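The numbers in UniProt numbering rise by one with no breaks, and the one at position 255 of the sequence shown is 255.
Worth double-checking, as some hints may not be accurate.
Have a look at the derived ranges for each label pair, beta carbon to beta carbon [unchecked claim]:
(1) Ile271 / Ser103: 42 to 48 Å
(2) Gln49 / Thr169: 20 to 26 Å
(3) Asn151 / Pro38: 34 to 40 Å
Since the hints were made in silico from the structure, they are not lab data. Predicted, not measured: the structure shown is a model, and the values here were computed from it. All residues carry an ideal CB built from backbone N, CA and C; glycine is no exception.
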Amino acid sequence: MNRGILDSACCVYCGDLETTEHLFFRCAFAREVWNLAPFSTPIDPLQLQSFAATLTISKDWVCLPPTGTGSGPLFAWICWAIWKSRNTFLFEERLFSPAETISKATKEAREWQQAQFSVPKPQQGNTQSGRRQNKPNTITCFSDGAWSADNWTGGMGWLFVDESGKTLTTGSSAEASIASPLVAEAISIRSALNHALDIGITDLHLKTDAQDLVRALTMQEQIKEIYGILFDIQTLAFLFESISFSFVPRSENTFADSIAKNARISLANLILAQGPHV
């Protein structure tokens, strides 16, 4: 996957510097698209700080009927529609209006969400099929999730390693009410991508011992339990210049596993110390 926005490029609509935030939130074209978005509370794109942060808070945005998107992730579809309209204008000299752009976004979001309830079982494939030669200076991220059935707590851990094998930085988080180990694994990948974007990583190879997740990401499979998180991951992946996902045995992912377990245990101890009424 080789995509991304070049910081030296000029906006095709207004000529200003085309950063991620400018393209999706600041440009007059994007602002008009957001003004037409069917949310119950109007969205002011000038108040949105960053793509990654907005992706997180957009979970609370409620769509108005009769869009048919319900609680689906409309934010990501709007950004995808803005990106496609931009590329059509740049490469084909065809201009879609803001109204046409938001119409495409809601239509595709509705169709995608409806498809989640009638997804045929895909053919089994090799989870390594998405692997290829990485670009020079690609950073490797090891990600893992930990989960406890006793209290439904989940811990997420990840670390970034350069080409020489040196650990650049690590990250962790923990959440209560995590439904399964798969959810914890998926949240860890999403958090790792957010972290990578925050520190300016543009070329990333993410490794995880969650084989089902790798297959879903590399072969476009759907998993109902985490389809919203998968969509978040795919949306964040769009912001990297290049990104790939591959499976790694648990024996080679012990550092991330340790980080995730420590994060989960810390949260579980905090919950225990606070008592059952907190």
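Violations among the numbered hints, reported as their numbers in ascending order: none
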